[in-house]
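A.B. asks: Chains A and B, in that order, give the protein sequences.
Under numbering that gives the first Met the number 0, the final residue of the first sequence carries the number 261; numbering is consecutive throughout.
Under numbering that gives the first Met the number 0, the final residue of the second sequence carries the number 268; numbering is consecutive throughout.
Think of the hints as simulated: they come from the structure by calculation, not from any bench.
Incorrect hints may have been included.
Here are the computed distance ranges between Cβ atoms for each label pair [claimed, not checked]:
(1) B:S50 x A:K105: 24 to 32 Å
(2) A:G83 x B:L103: 41 to 49 Å
(3) B:G176 x A:T75: 30 to 38 Å
(4) B:I28 x A:K132: 50 to 58 Å
(5) A:R250 x B:P187: 45 to 53 Å
(6) A:K58 x B:P187: 27 to 35 Å
(7) B:M190 x A:N122: 53 to 61 Å
(8) A:E120 x B:A32: 51 to 59 Å
(9) A:T75 x B:F100: 39 to 47 Å
(10) A:K132 x B:F100: 52 to 60 Å
Pulled from the structure, derived: some chain A residues nowhere near chain B, Cβ distances all over 12 Å [claimed, not checked]:
(11) E32
(12) Q85
(13) A236
The beta carbon of each residue, even a glycine, is placed where N, CA and C say it ideally should be.
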Amino acid sequence: MLLSVEDFGIEFHDHDSPERVVEGVSFTLDKGEILGIVGESGSGKSMTALAIAGLLPRKKLKKEGRILFEGEDVLTMERHKLRGLQGDEICMIFQEPMTALNPTMKIGLQVEEALRIHHTEMNDAQRKERAIKWLKNVELDDPERVYESYPHQLSGGMRQRVMIAAAMVGNPQLLIADEATTALDVTVQAQIIKLLQKINKESQVAILFISHDLSLIRQISHNVLVMQNGHLVEKGAVDDIFEHPQQEYTRKLISAIPRVEL
Amino acid sequence: MKKWLKKHKNFNFIAGAIITGVLLLTVLIGIFATPYDTTQMNVADKFAKPSFAHWMGCDNYGRDILSRVMEGMGNTFLIAVLTVLIGTVFGVIIGALCGYFGGLLDDILMRINDVLFSFPSILLALVIISLLGTGRLNVTLALGIAFIPSFARIVRSEVKKQCSLDYVKSAALMGAGHMRIIFVHILPNIMPVLLSSVMIGFNNAVLAEAGLSYLGIGVQPPAASLGRMLSEAQSFLFTAPWYAIFPGLVIVLTVLGFALLAEGTTEEE
Chain A
0 MLLSVEDFGI EFHDHDSPER VVEGVSFTLD KGEILGIVGE SGSGKSMTAL
50 AIAGLLPRKK LKKEGRILFE GEDVLTMERH KLRGLQGDEI CMIFQEPMTA
100 LNPTMKIGLQ VEEALRIHHT EMNDAQRKER AIKWLKNVEL DDPERVYESY
150 PHQLSGGMRQ RVMIAAAMVG NPQLLIADEA TTALDVTVQA QIIKLLQKIN
200 KESQVAILFI SHDLSLIRQI SHNVLVMQNG HLVEKGAVDD IFEHPQQEYT
250 RKLISAIPRV EL
Chain B
0 MKKWLKKHKN FNFIAGAIIT GVLLLTVLIG IFATPYDTTQ MNVADKFAKP
50 SFAHWMGCDN YGRDILSRVM EGMGNTFLIA VLTVLIGTVF GVIIGALCGY
100 FGGLLDDILM RINDVLFSFP SILLALVIIS LLGTGRLNVT LALGIAFIPS
150 FARIVRSEVK KQCSLDYVKS AALMGAGHMR IIFVHILPNI MPVLLSSVMI
200 GFNNAVLAEA GLSYLGIGVQ PPAASLGRML SEAQSFLFTA PWYAIFPGLV
250 IVLTVLGFAL LAEGTTEEE
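Just chain B, with the same shape it has in the complex (with noise of 0.2 Å):
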């Protein structure tokens, strides 16, 4: 481990994998147990300042920010992969198979791709979740829905360029079908770009599903979400400045965290 860091003097990476380690493992840990119940409320405690008891103090009904944070962060950080998740599968199928056949297929689905690409996609994700409702798993989906376009985009242009190499055209006279040349052989190929957009993407999935919450559509309370408490801080922001502060320092690091770990990633390459 410190040959591996003399030799890769990456302080991008270092410090990226530091801040979401971290972050990651305050997720973990508040699966199982936060410090308080995260929905107990406290009149003695209301507006409590950042102390030992509670560290990053209490909320206008005296529930510990800190336990809040945690379990936020969680919401956050699953809907967050989930999101990713959905728009990586079908925007690698989307792309790939638009990419290695193009003609009609290419071009009907592509245009489809830009009229949706052409909404910003939290007015997308807001669309949707007005026909579905809210709700954990709706937001999930609708952001999904809403990251498809620019992770089919990605790939489709990714997959084009490797299409036109010899490795390709000799795979095909091996004798090997579509689905195995464009999964075994081209996919590999694509993994350093995806990476970087998967990502990229992570970080605007956080800060998307903190603004639908932040504008009251995603997580429902009582369940904490970091953008819900941002919208609600926001009217004590004179009283109890540190209901603010810590639940939009925890975004930004790890918006942060990820920023970093990504372009690490690509200069190790």
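Just chain A, with the same shape it has in the complex (with noise of 0.2 Å):
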């Protein structure tokens, strides 16, 4: 078992009345396992991955329960000790594409960023190497260029691939993908769920795919939970789910999944 949560919840106290957003979540997840996470707006679900990834502010912030990475709590751990994971064994990808990226910096620097970081025992030579590898693992023609290259050269796909080469240069064990696919469109989304399971696939990194869009989350999870307001409404294997679903919201969010009929 990779990762564990126990009983979480996030208490938010930066008005008068303190305001609960997460509250008694538990699941785990394995090694190599695609696990979706789907709900509406403001059910918690970022929230949650951002506590996973340990980038939730220190204050003004209560937090509850347990997040076991490894067997060590990511909530508690030291500052040092979980920016020595971060990067290395986590790491996550952003919805806007555009904004992940550093305008001002080289890609080939942006996706070695992690190695320069955490891996100071390898040279430029290796680091780019390495990079480059990346860059042809998540299907970019010429990496070479696209090593040279600054943001505003590539496309939103191109960007998204980018970022997903970034987070896997230290072959971390968690990759969070919060709403990876929103802000592209249809064709570019499917390619890069493909692109995901392949790395998954090879690799054997575990993934928190974070979405609204059921459909996708069907595509690409082994195992999905279902969160509104908060709360964990229900989890299991993603065709018990689809097929069976046993709450209400569940049912009402399946049924809402717009279908093309001829």
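Two chains, two separate frames, one set of hints: put the complex together.
C.D. replies: Shown next as structure tokens:
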């Protein structure tokens, strides 16, 4: 077992009255598993993902429960230890490939960032070799050219591929994809999904795939969590959830998938 | 070069570059050689009109004005550059830390900033000079300190804006430390804004230095300074108008050149 979330909750304290955004969420994630989290906006799925990545602010926020990554609690871990995990063991890709890359840094440097921080023993040539290898792995044409490009010279789909390469370059155990395909058009979406599946098979990285798009979740996930208003509504294998939903909310969500009828 | 000019019909940039270039060249020449000794008095040449021998004429002690303008420009440029350097370095550090970390540190530093900001920078510089005493070094220090608040404020708001973008989050997630995020990731992205405020800051520094020297607390005689020359020329405005015109013209050209250059660089983007 790679990740185990136990009775996790978040309470905001930045207003007069505390506000609960996540409550009593428990689930586990195995090595090499793809877990989909589905829910509408405000259901707490992104907050949970940020917590797992150790990106929640430390102040004005009360956290409950435990998030065990390889047996150690991310929530209470010391800062330098957490930083050792981030980028090396846990990686994340974001929704907006337009803003997720630094506009003034060459792609190559950004892909190498995790190596530069965590693998100081590597020299420039080794780093470059690794970066190019991953740019090739994410199926970018002409990786040498992309390596020397700036983000504005690439399309949205290419940028998201670069993000995946940058996340995977350190061979992490866990990849969190927070609405990673939402900003892309449908054909590119399908390519990215295929790419994530391929990477999952080849390098056995566990993927936490967060989306509000049920058909994508169904396509990619092994197991699914359904969240609503900060609570876990239902969890199970992807076929069980979609074929035999137990909860009313899940049924409603599934019936809301648009169908093309001829 | 010709192609580049054709492609960028950027009048402001070209005009600014030419004016600034000529002035800078003059300053550079002035460091090594001036037509006459800048402090050599010569009674025979007292209030000599502009001529081939003395291009800008002579002052009340018979000193060559062109030579003194060259030296004065050098002093002004040096003080302005150092002032902006002090203002930028400390402004960037304070602004970046405040913008990035926020919280109590931000509140405290920015309130101090507000207090400093509420005084005109020349007044602030006056206070600092009255504490430190006059002289080139002290003027630079005083103006530099007086320039920190405006830079800090600009940098802070830019850093705050960048912090909300995903690439900063992404860098944090890669395990990058705070200092790496601030100085390697964010700083290059605020360069365009920083660059134009540096240029405007340089202009303000030139004017502030001239103002302080005019008031007699900047560069001390017999060293030449444009502001000082203006204030001395005041009493001879009708007998020797060239004494006031040429130093004044140089100040105007310096500021104009840099303003055009700043305008031009923002157009380029």
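A.B. asks: Which earlier hints can't be squared with this structure?
C.D. replies: 1, 2, 3, 7, 9, 10 and 12
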